[in-house]
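Going down the list, the sequences are from chains R and X. Numbering follows numbering that gives the first Met the number 0, in which position 95 of the first sequence is assigned residue number 94; successive positions increment by one, without gaps. Numbering follows numbering that gives the first Met the number 0, in which position 242 of the second sequence is assigned residue number 241; successive positions increment by one, without gaps.
Keep in mind that the hints were calculated from the coordinates and are not lab data. Check the hints yourself; a few may be wrong.
Taking lysine to any residue pairs in the SDA-like style, the calculated list, with each CA pair at most 25 Å apart, reads [as the list claims (entries may be wrong)]:
#, chain 1, residue 1, chain 2, residue 2
1, X, K339, X, G434
2, X, K81, R, R52
3, X, K339, X, P472
4, X, K81, R, W172
5, X, K81, R, S168
6, X, K81, R, G167
7, X, K81, R, W185
8, X, K443, X, I390
9, X, K81, R, A53
10, X, K81, R, A180
11, X, K81, R, P49
12, X, K81, R, G166
13, X, K81, R, P165
14, X, K81, X, S177
15, X, K339, X, D328
16, X, K81, R, A160
17, X, K443, X, E432
18, X, K81, R, E164
Each chain, written out:
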Amino acid sequence: MSPLNSNSPLNSNLLLYARSRALPMTIAVLVAAAPATAWCADWLLTRSDPGPRARLPVLVLAPVLVAAAIGVGLYSHGDELDRTAVRPWWPRRGWHLLLLTALAAGLLAVAVPGEPQAYGAAAMARNVLGAVGVTALGAALIGARLSWLPMLVHTSAVFLAGQAEPGGSGAVWAWSVQPGAQRAAWGTAVALFAAGTCLYALRGARPEGPGSRR
Amino acid sequence: MSTHRMSHAAGRMSRSADRAGHAAGRTGRAAEPLSPAGAPWQPGHAHSPRRAGPLLTELRRGAGLPAGAATLAVLLFAMFTKADEWLSDWTETTDMLRVAGLVLGAPLAAAVACWQGGRERRRRTEELLATVARPPLRQALLAAAPAVVWPVVGYLLTAVVCLAWTWQYAGGDGPHVSLIVADATGIGSLAALGFVVGRVVPWRLAPPVVALVMYNIELLLANQESGISWLSPGKEHISSWDRPVWWFGPVSMVWTAGLAAAALLAYAARRRARALALAPLAAAVTAAVLLAQTGDGLWRPDPASAALVCDEGTPRVCATRVHSRMLPDASRALAGLTAKLRGIPNAPARIVEAPVDSRASRTDAALTGWDMYFRRNRIAEPEMFAANAAIGVTEPYCPNVADADRYSDLNEAVADWLAPIPRPKNMPGDQTEPGYTRVLKRLKAMPDGERTRWLGGYFAATRSCHPERVTAP
Chain R
0 MSPLNSNSPL NSNLLLYARS RALPMTIAVL VAAAPATAWC ADWLLTRSDP GPRARLPVLV
60 LAPVLVAAAI GVGLYSHGDE LDRTAVRPWW PRRGWHLLLL TALAAGLLAV AVPGEPQAYG
120 AAAMARNVLG AVGVTALGAA LIGARLSWLP MLVHTSAVFL AGQAEPGGSG AVWAWSVQPG
180 AQRAAWGTAV ALFAAGTCLY ALRGARPEGP GSRR
Chain X
0 MSTHRMSHAA GRMSRSADRA GHAAGRTGRA AEPLSPAGAP WQPGHAHSPR RAGPLLTELR
60 RGAGLPAGAA TLAVLLFAMF TKADEWLSDW TETTDMLRVA GLVLGAPLAA AVACWQGGRE
120 RRRRTEELLA TVARPPLRQA LLAAAPAVVW PVVGYLLTAV VCLAWTWQYA GGDGPHVSLI
180 VADATGIGSL AALGFVVGRV VPWRLAPPVV ALVMYNIELL LANQESGISW LSPGKEHISS
240 WDRPVWWFGP VSMVWTAGLA AAALLAYAAR RRARALALAP LAAAVTAAVL LAQTGDGLWR
300 PDPASAALVC DEGTPRVCAT RVHSRMLPDA SRALAGLTAK LRGIPNAPAR IVEAPVDSRA
360 SRTDAALTGW DMYFRRNRIA EPEMFAANAA IGVTEPYCPN VADADRYSDL NEAVADWLAP
420 IPRPKNMPGD QTEPGYTRVL KRLKAMPDGE RTRWLGGYFA ATRSCHPERV TAP
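Modelling step: build the complete structure from the supplied sequences, incorporating the hints.
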C-alpha cells in the first residue's frame, strides 16, 4: 500500500473542502487571536486597581471572536449539490467543528495562564465551547453569515451580570461570565456545544442567497 | 426631483434591473427588481397616490427594526439585572444607562450597521445603484438610516422606562437629560461608523470584528489614567453628589457625531465634495481636545445634592438630599446605636452621610457608602449598616497619632460595644488583640454611670486626637 501523497483523491478532496469553507482564513484568525488575547489579559492585570474580575472582558470577548470566525466559515456554496453527494456529510461537518473548537480552546486557554480569581484557562475553554455551540446553532437556524449574532446579543445582555456574585440561577443564563469552577455554567456550555454540533452536523448551515462568499 | 429626472432614472433602472435579473438567475434565485433605496419593487407602486418615501421604506424593512428590538431587549435586560444598584438616584441611573447603552448597545448596533453596509454587495446591486440619479451620499444615508435610527430608538425607549422607574425612588433635581441625548448620539454615530466599515470591507467576519474592536477601544480608553479616558463615550462617573458641566453633553455629541459625519462624507460624497469631511473632523478633534483637557473637571460637586437632611433624634442621623428617602430606614437601623450614645458627654452630635471620606466637623461622625446597605431606598443589611456607623463614630481621622496600637484597640472595643454585631474580620491576618479584648470586657462589665463618664473622656480625647489622655477602663 503506497503512502498518501498530495495528489491522492482523499487529500485533494480535503483540500478542496478546506478551501471551500475558507478554513485557512479561519485558522489564521484563531492563531492571531491567541497573542492578542494574551496581551489584553496582561494589560488588564497591570492596571493600577485590577480587581478580582480584571480578566473577565477578555474571557468573554475572545471566545465570541473565535466562535464568529468558525461560524462564518460553516456555509455551503451549493447546498442542493451537497445533498446529492453519495457520502454522508455529517462526519465531515462534525470533525470540522470539533477540530476548530479544540484548536481555538487550546490556543485561548494557553493565552490566559494562571487563575486570577478563577477567570483563567478553564473558564476560557468553557466559554469557547459554549460560544461555538451557540454560533453553530445560529448557523443551522439563521445561516452562517449571521451566525455570530446570537452570541453577540447574549454577551451584550449578560456582560453586566458578571459583576454579581457567581452561582445561583445566573450560573445557567449568564454562564459566560462565571468563574471557571461553576458546574452549572459548565453544564450549560457543554449542552450548548453538543446541541450546536449535532444540529449543524446533521442539517448543515441554512442555505444563503447570492453573494454568499462575502 | 423633477419629472424628467425621475423618468430618466426609471428608464435606467429598468435596463439595470434586467441585468440584475440575469445575475440572480445564475445563482438560482428569482430575479428581484429593486427600488432606488434597495427595497423590492412592487408593480404599480410608483403610481400609487400613497406611495411611501424611500426613507420610510428603508425604515420599515431590513435589519434596522430587528436591530432596534435587539438593542431594546439587551439594554432592558442589562439594566434590570443591575436595578438594585441604580434605582436610588438620578446620577446612578444616568451612569448605568450610559454604560449599558455605549458599552453594550453601541457595539451591537455597529455590528448590525456593518452588516447593513454590506447589503448591496450581498445582493450584487452595487453597479445597479451606481446608475441611479440619486447622489451616492443620499443613497448611503438612506441605506444607513434603519441601522442608525432603530438602535437609537431602542436606547431612548430604555431610557424612558428606566427614568420612569427611577422616579418613584430618587430624590434630587432629576435626570441629566443632555447626557442621555449625548449617549443616543454616540450610539447612532458608532452605528454609522460600523455602516461605513461594512461598505468598505468585503469580509464576512467584519461585523463581529467591528463590535469587538469597539468593545476594546472603549475599554482601553475608559481605563486610561489621564483625561483621555473621557473620550470613551461609555466612561462612567461614580458620584451621586456631582453634576456634569452644562457643555459636557453637547461637546460629547460633537465628538462622536463629528467622527461619524467625517467618515460618511469621506466615503460617500462626490470627489469634489470629499474635502467637506474635514469640517466635521476638525469639530470632532476640537471637542476631543476639550474633553481630554478638562478630564475629571467635566463633573463638578453639586452642593445642593450633598446638603444634609436630618431626623429629630439625639444624636441626629442625617442623609444627603440625594438619599433623603433612605433616612427613615437609616434612623430605625441606628436606633440602638443612638440610644447608647445618648447622654454621653462629647459624643458626636450627628451621624451624617458623607459623600467622600472626609470630616467637615469634629462633632459629627461621618459615614460613607450608604447605598451599599440599601436596596431601592429600603435597608437591606441593617446590622451591618449600624456596625459600620459604630466604626464611623469611634474613628476620627487622626494622622500620626502616638501609640497607634492602643488607639486602635480602644476604637475597636468601643465600636463593638456600640454595634449590634461584632465587626467582620475581613482579612485572614485579622486577630483579636489582648488590649481590645480587655477594654471590651471591662466596658460591658462597668456600671452605667461609670461607663458614661469613661466614654465621655474617651470621646473628648479622641476628638482632639490625643488618645493618650484616655485612662484605662
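Status of each hint after checking the structure:
Proximity of K339 (chain X) to G434 (chain X) is assessed by CA-CA distance (about 22 Å); at most 25 Å being required, the pair is judged to hold. For the proposed pair K81 (chain X) and R52 (chain R), the alpha carbon gap of about 17 Å is at most 25 Å, so the pair holds. Taking the CA atoms of K339 (chain X) and P472 (chain X), the gap is near 17 Å; set against the 25 Å cutoff, the hint holds. A threshold of 25 Å between alpha carbons decides the hint, and for K81 (chain X) with W172 (chain R) the separation of about 15 Å falls inside it, so the pair holds.
With a C-alpha separation of about 15 Å, the suggested pair K81 (chain X) and S168 (chain R) falls inside the 25 Å cut-off, and the hint holds. Restraint check for K81 (chain X) and G167 (chain R): the C-alpha separation of about 16 Å stays at or below 25 Å, so the hint holds. Note on K81 (chain X) and W185 (chain R): the hinted pairing holds, with a Cα-Cα distance of about 24 Å set against a maximum of 25 Å. For the proposed pair K443 (chain X) and I390 (chain X), the alpha carbon gap of about 18 Å is at most 25 Å, so the pair holds.
Distance check on the hinted pair: K81 (chain X) and A53 (chain R) sit about 19 Å apart at the alpha-carbon level, within 25 Å; holds. For a cut-off of 25 Å, the pair hint linking K81 (chain X) to A180 (chain R) stands: about 23 Å separates their Cα positions. Distance hint between K81 (chain X) and P49 (chain R) is fulfilled; the C-alpha atoms sit about 21 Å from each other, no more than 25 Å. In summary, the hint linking K81 (chain X) to G166 (chain R) is supported, as the alpha carbons are separated by about 16 Å, within the 25 Å threshold.
Between the alpha carbons of K81 (chain X) and P165 (chain R) the distance comes to roughly 14 Å, so the proposed pair stays at or under 25 Å and holds. A threshold of 25 Å between alpha carbons decides the hint, and for K81 (chain X) with S177 (chain X) the separation of about 23 Å falls inside it, so the pair holds. In summary, the hint linking K339 (chain X) to D328 (chain X) is supported, as the alpha carbons are separated by about 18 Å, within the 25 Å threshold. A threshold of 25 Å between alpha carbons decides the hint, and for K81 (chain X) with A160 (chain R) the separation of about 7 Å falls inside it, so the pair holds.
At most 25 Å may separate the alpha-carbon atoms for a hinted pair to count; K443 (chain X) and E432 (chain X) meet this at roughly 17 Å. A hinted pair counts as satisfied when its Cα atoms are at most 25 Å apart, and K81 (chain X) with E164 (chain R) qualifies at roughly 12 Å.
In summary, this structure violates none of the numbered hints.
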